[in-house]
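Chains as they are written, first to last, in the numbering used here: chain P, 1 to 131; chain S, 1 to 131.
These aren't lab readings, by the way, just hints derived from the structure by calculation. Among the hints, erroneous ones may be present.
Each pair may be met inside one copy or between any two copies, as identical chains are not told apart.
Simulated pairs of lysine-lysine, DSSO-like, Cα-Cα distance not exceeding 30 Å [as the list claims (entries may be wrong)]:
| # | residue 1 | residue 2 |
| --- | --- | --- |
| 1 | K103 | K20 |
| 2 | K70 | K119 |
| 3 | K109 | K30 |
| 4 | K122 | K49 |
| 5 | K103 | K119 |
| 6 | K40 | K56 |
| 7 | K56 | K70 |
| 8 | K49 | K119 |
| 9 | K103 | K56 |
| 10 | K30 | K70 |
| 11 | K49 | K20 |
2 protein chains.
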Amino acid sequence: MGLKEYVCGLEAALDVIGGKWKVLIMWPLKNGASRFGELKREVPGISEKMLIQSLKEMELDGIVLRQDFKEVPPRVEYSLTEFGRSLCDALQPLCLWGEQHMKRIEACKEQCEMQRREKEEKAQALSHAST
Amino acid sequence: MGLKEYVCGLEAALDVIGGKWKVLIMWPLKNGASRFGELKREVPGISEKMLIQSLKEMELDGIVLRQDFKEVPPRVEYSLTEFGRSLCDALQPLCLWGEQHMKRIEACKEQCEMQRREKEEKAQALSHAST
DNA sequence: TATTAAACTTACCTTTAGGTATGTACTTGT
DNA sequence: ACAAGTACATACCTAAAGGTAAGTTTAATA
Numbered sequence: 001m002g003l004k005e006y007v008c009g010l011e012a013a014l015d016v017i018g019g020k021w022k023v024l025i026m027w028p029l030k031n032g033a034s035r036f037g038e039l040k041r042e043v044p045g046i047s048e049k050m051l052i053q054s055l056k057e058m059e060l061d062g063i064v065l066r067q068d069f070k071e072v073p074p075r076v077e078y079s080l081t082e083f084g085r086s087l088c089d090a091l092q093p094l095c096l097w098g099e100q101h102m103k104r105i106e107a108c109k110e111q112c113e114m115q116r117r118e119k120e121e122k123a124q125a126l127s128h129a130s131t
Numbered sequence: 001m002g003l004k005e006y007v008c009g010l011e012a013a014l015d016v017i018g019g020k021w022k023v024l025i026m027w028p029l030k031n032g033a034s035r036f037g038e039l040k041r042e043v044p045g046i047s048e049k050m051l052i053q054s055l056k057e058m059e060l061d062g063i064v065l066r067q068d069f070k071e072v073p074p075r076v077e078y079s080l081t082e083f084g085r086s087l088c089d090a091l092q093p094l095c096l097w098g099e100q101h102m103k104r105i106e107a108c109k110e111q112c113e114m115q116r117r118e119k120e121e122k123a124q125a126l127s128h129a130s131t
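The task is simple: from the sequences and hints, build the whole structure.
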């Protein structure tokens, strides 16, 4: 598994925006730079660990710029690079698609959850019966 | 965590195409229906378990249609629904973006890997020293 | 009667992602 | 001397994703 070999462009793109948080971090940054603490508030539910971890990877990928003002207490601002903005543009249609079909998707995922639970319960019942 | 609440359309969309395999399964299906065995060959590296698991979820999400010909040995064909094709269209720009910057992304990810390994080795060295 | 072929299914295991909680560094203001 | 404020770092744990390998079903055919 030395070097990555992407089958298609999508695989590469998803490798950049993969994970639970990255797109949620990108979206507020479209309106301009944010400090670490601000971002934490703008992305509700994220932990500090996930926030810096994501930001670091996004910086490495070149879609986010980190600017350290060398003050105490620390002041660091994050913003989108040109590259990052081009990624946002490419994501726009997908975002729209998601918005248009959000209700439907939510319903499907709930359905999924229900099936998962049923299966889990069935498995539990079986394991109880065997003891 | 009862019901899902998506912050933006992207979150919903990524919930549909999330995971390692789904887009890789969708792409060959753009050229028409495929049997299970065909898909297995068209998506190199995928296991049978991951293939049906993904296909089932995609069917539930309404982006893939499963057609069982009730033959023996079994013959089942999978194809994209209208909804699935609309998703493909929405993915096109992202796919293009990924293709255009594939080299750059590959390089970044290798860089990432290297950092991870360094860190791992450092941690190992420390744990050895402490014993 | 045994075999074959295709599409699953299941059990078990390893790896990775993500969550929680606590600690650190540094300087300004008290 | 010390408390406060901000951006991290680190250790530990749980849950989810994914991999491997073996088994199951069915009717036609040898």
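Q: Up to 30 Å between alpha-carbons, please classify K40 paired with K56: within, between, both or neither.
A: within (15 Å within a copy, 36 Å between copies)
**Q.** Within, between, both or neither, where K49 and K119 count as close if Cα-Cα is 30 Å or less
**A.** between (33 Å within a copy, 17 Å between copies)
Q: Go through the copies and call it for K122 and K49: within, between, both or neither, with a Cα cutoff of 30 Å.
A: Only across copies: K122 and K49 sit 20 Å apart there, 37 Å inside one copy, limit 30 Å.
Q. How would you classify K56 and K70 at a CA-CA limit of 30 Å: within, between, both, or neither?
A. Only inside one copy: K56 and K70 sit 18 Å apart there, 52 Å across copies, limit 30 Å.
(Q) I want to check one pair: K103 and K56. Are their C-alpha atoms no more than 30 Å apart within a copy, between two copies, both, or neither? (A) between (33 Å within a copy, 20 Å between copies)
Q | Homo-oligomer pair classification [K30, K109; C-alpha up to 30 Å] | A | Answer is both: 28 Å inside a copy and 24 Å across each meet the 30 Å cutoff.
Q | Same-copy or cross-copy closeness of K49 to K20 [CA-CA at most 30 Å] | A | both (13 Å within a copy, 24 Å between copies)
Q) Using 30 Å as the alpha-carbon threshold, which applies to K103 and K119: within, between, both, or neither? A) within (25 Å within a copy, 43 Å between copies)
Q) Given a CA cutoff of 30 Å, do K70 and K119 count as a within-copy pair, a between-copy pair, both, or neither? A) between (54 Å within a copy, 25 Å between copies)
Q) Are the CA atoms of K30 and K70 at most 30 Å apart within a copy, between copies, both, or neither? A) within (24 Å within a copy, 52 Å between copies)
Q: Can you give me the call for K103 and K20, within, between, both or neither, at a CA distance of at most 30 Å?
A: Both, since 20 Å and 24 Å are each at most 30 Å.
The structure is consistent with each of the numbered hints, conforming to all of them.
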